[in-house]
Amino acid sequence: MTRRQTGVLLCLPALLLLAVAFVWPMAILARMSLNETADTGALVPALSLATYTRLASDSFTWQIAWDSLVLAAGSATVATLLAYPMALFLFRTKSRYRNLLAIVAIAPLLVSGTARVIGWMAILGDGGMINAGLRLLGIPTQHLINNWTGVRIGLAESVMPYTVLALLAGFGRLDHALEEAAATLGAGPFFRFWRVTLPLTLPSVTAGWMLGFVLAISAFITPHLMGGGRVFVLATEIFDAATQTLDWPAAAALSVAALAGLSALMLLQSLVARRGSV
Amino acid sequence: MRSVSAILISTAVWFAPPSAQAADPARLMTYSGIFQDNYTDVVIKPFNARGTERLDYVPGDSSAAMLGQLRTQKNDPQLDVIIMDVTTAALACAEGLVEPLDAKLLPVIGELDDQARSSGGACGPAVTYDHLVTVYDSKAVVPAPTSLKVMWDLKWKGRVGLSAPPNIQGLALTAIMAHADSGNWKSADGAFKALRELAPAVQTFDPQPDGYTLVLNNTLSFASGWNARAQLNRDRSGGRLGIMLPTEGTVFQINTINLVKGAPHRDAGLAFIAYALSAPAQKAFTERMFYGPTNATAVIAPEAAQRTAAAPENKARVIPMDWNEMIKLRESWNQRWRREVISAGGR
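Quick mapping for you: the protein sequence lines, in order, are chains A and B.
The opening position of the first sequence corresponds to residue 1 in my numbering, with each subsequent residue numbered one higher.
The opening position of the second sequence corresponds to residue 1001 in my numbering, with each subsequent residue numbered one higher.
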């Protein structure tokens, strides 16, 4: 058996699992998107692009697609900016508590997403801890939840642990000797960071941002629970179409379109990353 | 060898689906939570106690999720009876997922009131009535309000929670306001104008986990809700949760009971539907959970009847709205809420 055949055989179980658990359901979803919905809401079997046409001709669909992109990009950016110094510290520290600190950094992943959001609701609510503190200080209270602000805060927090993990995984390329060489040549701490550390860690920053972006754009719980019915994004729209208006073809068409769009973005990102590394 | 067999048999039993482990009872799917607790106590247990047929309660999520189950089981039904919202049941009926039912097949249908018989169309009739109410914090809102207009008072700015469409509470509220404004529940321009004015006072258009909880934990002072759950929450809160059936009126939320097409236990399913629609079962459930009865011969205790739409003074405030007509307006009202109301209520 050749090396190539062995490789194929080893990959076969995973490929089969992928086919059953992902490709087949996606094929069913794509088929569902070609059905139609009657005025009464009843599902009408068909082979038609009418649902795609209906959605594409509605400016609201484009608005929520744009809002979803902006929200996900913003949340991923905030998460990456917050995660970077934390991950760099965890990577460099020689403390015997390093592992404990790493666990603390990713501890939010140990709590269910819904429980985390409910925690945020108690903290950010009109009568929550932050507004209670502002009231004590005589500062006007702020609306921090049931709007876009709350969703941005919740999403940035929820994707941050993943970004920390992605950054930590990529920091292996950071050679400390190069930073020492820069210091020997007279570079100050800021200059060293700007010209040596940051460029070397940029690929992991991109990977961490992309992971955060993908998780944020597909997030449902945070926009649903913290948006107060004011935040419309692709995930909430798909949920409403599937479970409230029972427009399954629309839910399926939006899902297929979102998957295609995200795949295109990730392909573009990998092409840019490859060109950058050449 | 014997112990190996025992292990194999017990393993097989462990992995077998629950329906194969029991004596293969019929299966009812409907709402989970307090509906399940109360319906099981006063309807399912007495039915099973008769000893002729057995029925298992399969908790569902929303009506939409239950319709999803029916759609996916179309070629191999695992359920026998389903209780769901009339708008969703209409889809199940149109898609041929449930059977037509009439008084010839089930004579008890002849005991139901006219609306209950007609609301399910050719398929299952109404089994419970509920109606939209406004719940409020009875400690903070004094005197007790009688009209929806109280929510427009600037005093309550940021203390109002409304469930916007596609939630049917939002559709029902729009219809009530349209009826109060124009006398026709479909002519909603005036209602949307008033809702736009109310929007800045609204804290959330999607109360989570629900309006009753948010009023009781002092997050909101007003929220929209359904009467039956509101009545239970009022009792549990010692009267803290106030309930208003406004002078503007209300609309029914109707649940229908349906026999699944191709049900594996059709006879037991039909027997249960007959029991659920009978006067004793209707009386028991109304007195337990304050859903209005659909069987006209059910004699409800006056103190319970007062708390449902069965009371004459409450019934007089019910707007004759057809949910099947409403479904045709749903998408346009949904869009108007988003573009005109919610956008005017930025925070």
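Source of the hints: derived by calculation from the structure; they are not laboratory data.
Some hints could be false.
As the list claims (entries may be wrong) - FRET-style restraints, in silico, Cβ to Cβ: (1) Arg31(A) with Ala1316(B): 49 to 55 angstroms; (2) Pro1200(B) with Leu49(A): 45 to 51 angstroms; (3) Ala50(A) with Gln1036(B): 37 to 43 angstroms.
By construction, the Cβ of each residue, glycine as well, lies at the ideal position given by its N, Cα and C atoms.
A quick look at each hint next to the structure:
1. Arg31(A) with Ala1316(B): 49 to 55 angstroms: 50 angstroms, holds
2. Pro1200(B) with Leu49(A): 45 to 51 angstroms: At 41 angstroms between Cβs, range violated.
3. Ala50(A) with Gln1036(B): 37 to 43 angstroms: 39 angstroms, holds
Checked against the numbered hints given earlier, the structure breaks only hint 2 and satisfies all the rest.
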